[in-house]
Amino acid sequence: GEQVEQLPSSLIVQEGASVLINCSYTDSASVYFPWYKQEPGKRLQFIIDIRSNMERKQNQRLTLLFDKKTKHLSLHITATQPGDSAIYFCSATNMGYKLTFGTGTSLLVDP
Amino acid sequence: DAGVTQTPRHEVAEKGQTIILKCEPVSGHNDLFWYRQTKIQGLELLSYFRSKSLMEDGGAFKDRFKAEMLNSSFSTLKIQPTEPKDSAVYLCASSLGLLGGRRAETLYFGSGTRLTVL
Numbered sequence: 629g630e631q632v633e634q635l636p637s638s639l640i641v642q643e644g645a646s647v648l649i650n651c652s653y654t655d656s657a658s659v660y661f662p663w664y665k666q667e668p669g670k671r672l673q674f675i676i677d678i679r680s681n682m683e684r685k686q687n688q689r690l691t692l693l694f695d696k697k698t699k700h701l702s703l704h705i706t707a708t709q710p711g712d713s714a715i716y717f718c719s720a721t722n723m724g725y726k727l728t729f730g731t732g733t734s735l736l737v738d739p
Numbered sequence: 002d003a004g005v006t007q008t009p010r011h012e013v014a015e016k017g018q019t020i021i022l023k024c025e026p027v028s029g030h031n032d033l034f035w036y037r038q039t040k041i042q043g044l045e046l047l048s049y050f051r052s053k054s055l056m057e058d059g060g061a062f063k064d065r066f067k068a069e070m071l072n073s074s075f076s077t078l079k080i081q082p083t084e085p086k087d088s089a090v091y092l093c094a095s096s097l098g099l100l101g102g103r104r105a106e107t108l109y110f111g112s113g114t115r116l117t118v119l
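Chains as they are written, first to last, in my numbering: chain B, 629 to 739; chain Y, 2 to 119.
Do not rely on the hints blindly, as some may be mistaken.
Unchecked claim - In silico lysine-lysine, DSS-like type, Cα no more than 25 Å apart, as pairs:
{"id": "1", "chain 1": "Y", "residue 1": "K79", "chain 2": "B", "residue 2": "K726"}
{"id": "2", "chain 1": "Y", "residue 1": "K40", "chain 2": "Y", "residue 2": "K53"}
{"id": "3", "chain 1": "Y", "residue 1": "K63", "chain 2": "B", "residue 2": "K726"}
{"id": "4", "chain 1": "Y", "residue 1": "K16", "chain 2": "Y", "residue 2": "K40"}
{"id": "5", "chain 1": "Y", "residue 1": "K23", "chain 2": "Y", "residue 2": "K53"}
{"id": "6", "chain 1": "Y", "residue 1": "K63", "chain 2": "Y", "residue 2": "K79"}
{"id": "7", "chain 1": "B", "residue 1": "K726", "chain 2": "Y", "residue 2": "K67"}
{"id": "8", "chain 1": "B", "residue 1": "K726", "chain 2": "Y", "residue 2": "K23"}
{"id": "9", "chain 1": "B", "residue 1": "K697", "chain 2": "B", "residue 2": "K726"}
{"id": "10", "chain 1": "Y", "residue 1": "K16", "chain 2": "B", "residue 2": "K726"}
{"id": "11", "chain 1": "B", "residue 1": "K696", "chain 2": "B", "residue 2": "K685"}
{"id": "12", "chain 1": "B", "residue 1": "K670", "chain 2": "Y", "residue 2": "K23"}
{"id": "13", "chain 1": "Y", "residue 1": "K40", "chain 2": "B", "residue 2": "K670"}
{"id": "14", "chain 1": "B", "residue 1": "K726", "chain 2": "Y", "residue 2": "K40"}
{"id": "15", "chain 1": "B", "residue 1": "K670", "chain 2": "Y", "residue 2": "K86"}
{"id": "16", "chain 1": "B", "residue 1": "K685", "chain 2": "B", "residue 2": "K697"}
{"id": "17", "chain 1": "B", "residue 1": "K726", "chain 2": "B", "residue 2": "K699"}
Claimed, not checked - Computed list of chain B residues with no C-beta within reach of chain Y, every gap over 10 Å:
{"id": "18", "residue": "Y653"}
{"id": "19", "residue": "L672"}
{"id": "20", "residue": "Q673"}
{"id": "21", "residue": "S680"}
{"id": "22", "residue": "L690"}
{"id": "23", "residue": "D695"}
{"id": "24", "residue": "T706"}
{"id": "25", "residue": "Q709"}
{"id": "26", "residue": "L727"}
{"id": "27", "residue": "D738"}
Simulated from the structure, these hints should not be mistaken for laboratory data.
We treat Cβ as the ideally placed atom computed from N, Cα and C, and that holds for glycine.
Isolated chain Y, as found in the complex:
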């Protein structure tokens, strides 16, 4: 499967711990997104990278959430320190981005990491 790969699928953390979620985008995609999904808030954008450059750092999520993209095929999302309210599904998505001057918008999502903070 050449889709977006996220690991781990499930993560359980104690309050105050540091956790790192991983994402491998679709090969050749230039844009990478991290979203948080909860039943109440729905899908919230955490971070956005364009060609490995951080374009959106999550606003309200800035203080404890840090996304990095060290190369075009791997990204991490660090949450430090974790709090129970961080319990959610964290989704990574990628897209082609600008293609021949036209933005290709379709997002390809990973299966997500379900985080539970006790």
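Chain B with its partners taken away, still in its complex shape:
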């Protein structure tokens, strides 16, 4: 089955810095890649997604890049704020119901 790996597992940055979270998957049939965020004590929430017919998608300070050939995604967050501190999850699906999640990247933004 599909496997999703995220790196790094954790990172700490100063407020205002940019961060890059990498995600790789194994199943070439996967075509949809939503990302979720879990702030401390809060529920998981959707933040951005990309489909396999796209290479790039931007939503305010978030930019998601997708490389179908290498089965790799990267989430770029610019001008980080303490409110960005959370665990970020990459996921993948072949457009069935089953999302396979990565193990998460814990981001701490120091003010």
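Let chain B serve as the given structure and place chain Y on it in line with the hints.
For chain Y alone, kept in the frame of chain B given last:
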């Protein structure tokens, strides 16, 4: 708040007990998921319902885990008997599902139930 509601927020059980976790999905959503979240394994799918029909019964979780959806607005997850390795956060999520022939994939998660089995 019209989001996914899960109860209880915390549950402590003795090994061998039966526990029932509850979930109310977002009104109008057709798909409902139960996930287990642990630091080591991450998010694992336990069950999936589409329009109240069980589509995924959890594979390795089948023997002691049973999810039910008696109506479109309520689901339960029963763990019987509980074991210490079941200690985790259990998440319920819902989505619109098929909408006009196109699958609406965004999941809306509940706050979870933190289960501790002693």
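Evaluation of the provided hints:
For a cut-off of 25 Å, the pair hint linking K79 of chain Y to K726 of chain B stands: about 21 Å separates their Cα positions. Between the alpha carbons of K40 of chain Y and K53 of chain Y the distance comes to roughly 30 Å, so the proposed pair goes past 25 Å and is violated. Taken as a hint, the K63 of chain Y and K726 of chain B pair is honoured in the structure, with Cα atoms around 17 Å apart against an allowance of 25 Å. For a cut-off of 25 Å, the pair hint linking K16 of chain Y to K40 of chain Y stands: about 21 Å separates their Cα positions.
Between K23 of chain Y and K53 of chain Y, the direct Cα distance comes to roughly 15 Å. Compliance with the 25 Å bound is thereby established for this hinted pair. Proximity of K63 of chain Y to K79 of chain Y is assessed by CA-CA distance (about 11 Å); at most 25 Å being required, the pair is judged to hold. Proposed proximity of K726 of chain B and K67 of chain Y is supported: the alpha carbons are some 18 Å apart, at most 25 Å. Under the criterion of a C-alpha separation no larger than 25 Å, the hint pairing K726 of chain B with K23 of chain Y is consistent with the structure, at around 21 Å.
Straight-line distance between C-alpha atoms of K697 of chain B and K726 of chain B comes to about 22 Å, which keeps the hinted pair within the 25 Å bound. Restraint check for K16 of chain Y and K726 of chain B: the C-alpha separation of about 31 Å exceeds 25 Å, so the hint is violated. With a CA separation close to 14 Å, the supplied pair K696 of chain B and K685 of chain B stays within the 25 Å bound. Of the pairs offered as hints, the one joining K670 of chain B and K23 of chain Y holds, with about 18 Å between alpha carbons and a cut-off of 25 Å not exceeded.
For the hint linking K40 of chain Y to K670 of chain B, the alpha-carbon distance of about 16 Å falls within 25 Å, and the restraint holds. For the hint pairing K726 of chain B with K40 of chain Y, the CA-to-CA distance comes to about 20 Å; that is within 25 Å, so the pair holds. A hinted pair counts as satisfied when its Cα atoms are at most 25 Å apart, and K670 of chain B with K86 of chain Y qualifies at roughly 24 Å. The suggested pairing of K685 of chain B with K697 of chain B holds, with an alpha-carbon distance near 17 Å, which does not exceed 25 Å.
As the CA atoms of K726 of chain B and K699 of chain B are separated by approximately 18 Å, the hinted pair is consistent with the 25 Å bound. Even its closest Cβ contact with chain Y, about 14 Å, leaves Y653 of chain B beyond 10 Å, as expected for a residue assigned away from the interface. At roughly 4 Å from the closest C-beta of chain Y, the C-beta of L672 of chain B falls inside 10 Å, breaking its exclusion from the interface. Non-interface status of Q673 of chain B relative to chain Y is broken: a Cβ of that chain comes within 10 Å, the nearest being about 7 Å off.
No beta-carbon of chain Y comes within 10 Å of the beta-carbon of S680 of chain B; the shortest separation is about 13 Å. The claim that L690 of chain B lies off the interface holds: its Cβ sits roughly 15 Å from the closest Cβ of chain Y, which is beyond the 10 Å cut-off. No Cβ of chain Y approaches the Cβ of D695 of chain B within 10 Å, the least distance being about 21 Å, so the stated non-interface status holds. At the 10 Å boundary, the C-beta of T706 of chain B stays outside the reach of chain Y, the nearest C-beta of that chain being 23 Å off.
The claim that Q709 of chain B lies off the interface holds: its Cβ sits roughly 23 Å from the closest Cβ of chain Y, which is beyond the 10 Å cut-off. In this structure L727 of chain B is not separated from chain Y by more than 10 Å, as the shortest Cβ-Cβ distance comes to only about 7 Å. Consistency note on D738 of chain B: stated as away from chain Y, and its beta-carbon is indeed over 10 Å from all of that chain's, at 22 Å minimum.
Checked against the numbered hints given earlier, this structure breaks hints 2, 10, 19, 20 and 26; the rest are met.
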